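Colleague: Taking full-length UniProt numbering, the leading residue of the sequence shown gets 1, the next gets one more, and so forth.
These are computed hints drawn from the structure, not numbers from a lab.
Quick caveat: nothing in here was measured; it's all calculated off a predicted structure.
For glycine and all other residues, C-beta sits at the position ideal for the given N, C-alpha and C.
Just to be clear, a hint being listed does not mean it is correct.
Cβ-Cβ distance ranges computed for the label pairs, FRET-style [what the hints assert, rightly or not]:
#1 Lys2 x His38: 25 to 33 angstroms
#2 Trp16 x Gly37: 47 to 55 angstroms
#3 Gly37 x Lys2: 27 to 35 angstroms
#4 Cys28 x Cys54: 19 to 27 angstroms
#5 Arg9 x Val50: 31 to 39 angstroms
#6 Tyr53 x Gly18: 43 to 51 angstroms
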Amino acid sequence: YKISGRDYRQCTADGWDGEVSSCEPITCGNPGEILNGHYRISNETVGNKVFFYCDFG
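All chains, full assembly: derive it from the sequences and hints.
Modeller: Written out as structure tokens, the structure reads:
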């Protein structure tokens, strides 16, 4: 995961400044098309694998 927003908040006389950050999954995006084949992937997050398959023929 990676931080989305600031990586800190500071305590002020009015309370905590800024907005609450969040942790978002790191994704690798589309693995690309394979000529004369296809692929299967459960999701595009770090640690997962993509499997490529050739078409019949």
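Colleague: State for each hint whether it applies.
Modeller: Hints and how they fare:
1. The hinted window of 25 to 33 angstroms between Lys2 and His38 holds, with their beta carbons roughly 30 angstroms apart.
2. Our hint of 47 to 55 angstroms for Trp16 and Gly37 holds, since their Cβ atoms are close to 52 angstroms apart.
3. Between Gly37 and Lys2 the CB atoms are about 32 angstroms apart, so this pair conforms to the stated range of 27 to 35 angstroms.
4. As the Cβ distance of Cys28 to Cys54 is approximately 22 angstroms, the hint placing it in 19 to 27 angstroms holds.
5. Remark: the range hint 31 to 39 angstroms for Arg9 to Val50 is upheld by a beta-carbon distance near 38 angstroms.
6. Remark: the range hint 43 to 51 angstroms for Tyr53 to Gly18 is upheld by a beta-carbon distance near 47 angstroms.
Violated hints for the displayed structure: none, as all numbered hints are satisfied.
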